[in-house]
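Put together the whole structure using the sequences plus the hints.
So the chains spell out like this:
There are 2 protein chains.
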Amino acid sequence: MANELTTRAADYSQWYNDLVLKGGLADYSAVRGCMVIKPYGFALWENMRDVLDKMFKDTGHVNAYFPLFVPRSFLEKEEGHAEGFAKECAVVTHYRLKSDPNNKGKLIVDPEAKLEEELIVRPTSEAIIWNAYKDWIQSYRDLPLLINQWANVVRWEMRTRLFLRTAEFLWQEGHTAHATAAEAIVEAEKMLHVYADFVENYMALPVIKGVKTPNERFAGALDTYCIEALMQDGKALQAGTSHFLGQNFAKAFEVKFLTKENKQEYVWATSWGVSTRLIGALVMAHSDDQGLVMPPKLAPLQVVIVPIFKGAEQKALVDEKVDEIIASLKARNISVKYDDSDHMRPGWKFAEYELKGVPVRIAIGQKDIENKVVEIARRDTKEKKSVPSENVAQYISDLLDEIQQNLYNRALEYRESHITKVETWEEFKSVLTEKGGFISAHWDGTSETEDKIKEETKATIRCIPLNNTLEEGICVFSGKPSSQRVLFAMAY
Amino acid sequence: MANELTTRAADYSQWYNDLVLKGGLADYSAVRGCMVIKPYGFALWENMRDVLDKMFKDTGHVNAYFPLFVPRSFLEKEEGHAEGFAKECAVVTHYRLKSDPNNKGKLIVDPEAKLEEELIVRPTSEAIIWNAYKDWIQSYRDLPLLINQWANVVRWEMRTRLFLRTAEFLWQEGHTAHATAAEAIVEAEKMLHVYADFVENYMALPVIKGVKTPNERFAGALDTYCIEALMQDGKALQAGTSHFLGQNFAKAFEVKFLTKENKQEYVWATSWGVSTRLIGALVMAHSDDQGLVMPPKLAPLQVVIVPIFKGAEQKALVDEKVDEIIASLKARNISVKYDDSDHMRPGWKFAEYELKGVPVRIAIGQKDIENKVVEIARRDTKEKKSVPSENVAQYISDLLDEIQQNLYNRALEYRESHITKVETWEEFKSVLTEKGGFISAHWDGTSETEDKIKEETKATIRCIPLNNTLEEGICVFSGKPSSQRVLFAMAY
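Protein chains in written order, with the working numbering: chain R, 86 to 577; chain Z, 86 to 577.
Treat the hints loosely; a few may be bogus.
Any copy, or any two copies together, can satisfy a pair, since identical chains are not distinguished.
[Claimed, not checked] Here are the simulated DSSO-like pairs of lysine-lysine, each with C-alpha atoms no more than 30 angstroms apart in a straight line:
| # | residue 1 | residue 2 |
| --- | --- | --- |
| 1 | 294 | 434 |
| 2 | 452 | 514 |
| 3 | 139 | 382 |
| 4 | 172 | 415 |
| 5 | 336 | 107 |
Derived from the structure by calculation, the hints contain no laboratory data.
And the structure:
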C-alpha cells in the first residue's frame, strides 16, 4: 500500500492527491468539481466541527439554519458582493423534469416549470441572512445578534482540488449584527483569534494573523482578517477569514435599529468562516512519504492495536491482554481499535495504519506478554519502543500530548525558517522560486504594485500581520517609500 | 405574549403556525417553501440529531458526505425512483450569472454558461450514492457497508408547512449495502426499531411500527417500513421510514460483488431517514394553548429561573441563592438559564417561557429564601409547588423524568383511545369525520380499493402493523374477503 504513494520530492501535488484518495479521506464524484467525503475523512471533519462548535458556543454564539437558495435579486443588492460571486454560481432555473416524449425512459427539463426569478445555490449566505435579520432586529435590545450556521455552499470553481478547492464544500459561516462599528470590529478580531487558537492548538499548525489588502478582501467587506499557514512545499494557505462588513449589508437590506437614544441607525456586521479546506491544510502540513500524519487531538482514531500471534492459543493470550489495555485507554477517552482481522498480515496492517496517520500503534505478541511489555510505535517520528505494559495507558496519554506538541514544533520550525526578509526585487524573485515560504518585503501600499507583482510572479500579499512593526523602507518592486513590510507568498 | 396564541379548538392549523413562529422555532423565508430554522428550533434539532447520531454509531454506522447534485441521467437509471422524484425537483441548468447589459446593477443568467447535463438538487441521495458504491464494493469483504449522511434535501412541494412539508429540509439518510436479502431486511427493520426507540423514549411520542402498502412505498423500494404517530387533532404523521430496496439500485448502477464462493452477485440495499419534520410532530403532539411543551430529554433549555425582587439588596440575596442552585443543576447536566433581565416583569417572563415550553420554572424571592423554599412550576401540568431549597437539584432531576414520562403517557392514552375498530363503511366515515385517529378496518388488499377510499375520504392506509394478527374478515369498502385489519387515517 504505502509503497504505491508518490513521494513529496517526486511530485508534491500528486503526493497530496494520493494521500487523500488512498488514505480514505475523500473520493472524486461523478459531479464535476464535487467530492465525496468518505467515512474516515468525515470523522476527521466531525472532530474539527465539534471543537469549533464548542468554541463558538463558549463565545456566546448560537446556531441556526438558513435556506440553501438565494434569489437572484438578493445577490444584486450589495454590488461588490454580486460582482464577487455572480461569475461562479449554480443557477436553478426550473422546478420540474418531465418524461422525454421522444425518448422513452429519459427525462427533460419541463419548460413550463420555469421559475419567475432564478435561485442561486448559496455561495455564501450574507444576502439571505441579512434579509431575515431585517425582521429580527428592531431595537438595540435585539443586538448583538450572534449566529453561526454549518452548511454546504457551492462556488463554480473552474479548477478544483480535493478539499482545497471544490465546487461544493462544507463550512461554517458566522453572521453577526452589532450596534456600533467598534463592537463589530471586536467581534471580527475575536473570531480570528478563535480560529488561530483552533488551528494552532488542535491542528498543530502555526498561523500568522493578519489583515488582507483591499485587493484580497471578501466581496462586500470593509476589512478581511485572515490566518495564513505554510505548507511543506513553501506555499501559503489561507486557513480562515473573518470580515468586518461595515454597514454594507444593513444598507443593502434596510436593517435599522432603534438606539438607546431613540434614533434609527443601520446595523454593523461581521461574517467569518472556515471550511473543509482545513482538512487539506492538515494533510499537507504534517504528512510524509509513508502517508497521513494526524494530530492526536483531531485524529479519528488515536491508537491501533495489532496482535502478533500464531494459532488460537497465542491469540487468546493476546486478546486477554488487549482487552485490559483497551479498557484502560477508553477510561482516558482515548479512541482505540483492535485490528485482529485474520486475512491480512501484521506488516500490511502496519503500513495501512501508517498511511491513515494513526498517531500510535501498539503491537503485542506472546513474547511481549511474557516480558510484560508492548511495542509502541509513534507515527510522527516512526520510533519504536518496548514499553512496560503496566501503566501503558498513562504512557500513551503522555505520548499523544508529546506527538501533538512535536507536530506543532516541527511545523513552527519550518515556518520560522521560511519567512525571509528581502530588500531587492532580484532577491524577491530568487527567494520565491528557490526557497519558497513567506517573503517579508516592503510594499508601497498600492493595488497597482500588488497587481504587477502578482502578474509577474503569481505571488500575492497574504496579509499585513496584525501588530506589524512600522518601519520606513523602500517598496521592493516600485522603489517608492513604504511604511511597513507585508508578507508575500505563492498560495493555495 | 401567550394570550395572542390561537387556541387548538379555534383553529388547530393556525395554533400550530403560531407556536412555531412565536415560540421562536422557525420563520418563513423569502424563498418560496423554504424556512429559516431559528436558534431555538435549531438547538432542538441539534439535540435530536446528537441522540440519533449516537444511536446510528452504536449500531455500527459511520457518517460520510455525498454531493448535493444528482446528474439528470443518474435519476433516470432507476425507473420508479425517477417517476417519484422528477416532478418536484430543483434543476440547475447554468453555472454563471452576468451583468445585464440593458439594466445596470442587475444580473441575468449567462446563456453561454449552460450545463451540458442538468444537475438536480438532491431530493434524496440513492442515485449519487449508489454510483459511488460501484467503486467501493468489490468483494464480500467490503460488505456490509453501513453509511449515514446528515444533509439538506430539496423537494419542490406545492403546498408547504413549517417543518411538516418544506421545499428544503434537513434530514439524515442511511444507505447500506449487504450481501444477502435477509441481511438487508434485518437492517431495514433494525433501523425502524432505532427510530421507534428515539421517538418514544426521547420525543415522548408513542408510535405504531408497520409496513406500507405498495401504493405508499418509497419510489424504488420493495418494502417501506414506517413508524406512525398520532397528533392531537386525530391526524396521523409518518415519523420515519426505512426501506428495503432489494437489488434495484445495485442493478441500476451495476454494483456487484464477489461472493465467498467466487461468484459475481448484485448487492442488496436499504435506505432510511428521518427529518426536521420530527420537530413538527413534537410540537403538535405535546403542546397546548399556552404554547410549546418540550419533552425534557430534548428541551434546548430544561430549567429557567426567574427572580422576584425589589431593589438591589433583595436582588443580591436572590442571586446568591440562584448561583448555588445553578451549580447543583449543572453538576447533574441539567441545562438552566437565569433570566434576571431587568426590562421585563416576572409575569411576562412566566408567559414567555411557557410559550417556549421550558419543562421546569423556578421562581425565587426573598420570602422563599427566608422560608428555605423555592417555587417550582412544571410546564406539562402547570402545577406550582413550594419545595425545600435543600436538595432542589435532585427534586428537579426526578421531576424532569416524571414530566418526560407523563408526556409519553398522555400521548399514549390519547393514541390508545383513538384507534377505533370499524366494521362498516358508514362507521368508517363517521369515525373518520367525527372522532379522527386511526381506524382499524379490514381491507381487501387491492390498490384499487385503497385508491377509492382515498378519493372518497382522503384517508390513507398508514400501515399494516408489524406482527399484525391475521383475522378473517370483510373489506370495509368492497365487501370482499380480507385476511387482516390495517390502519387508516387522515395524515400530515
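To see whether the hints hold, each was checked on the structure:
{"no.": "1", "hint": "294 with 434", "in the structure": "neither (40 angstroms within a copy, 43 angstroms between copies)"}
{"no.": "2", "hint": "452 with 514", "in the structure": "neither (59 angstroms within a copy, 78 angstroms between copies)"}
{"no.": "3", "hint": "139 with 382", "in the structure": "both (15 angstroms within a copy, 20 angstroms between copies)"}
{"no.": "4", "hint": "172 with 415", "in the structure": "neither (50 angstroms within a copy, 50 angstroms between copies)"}
{"no.": "5", "hint": "336 with 107", "in the structure": "between (49 angstroms within a copy, 27 angstroms between copies)"}
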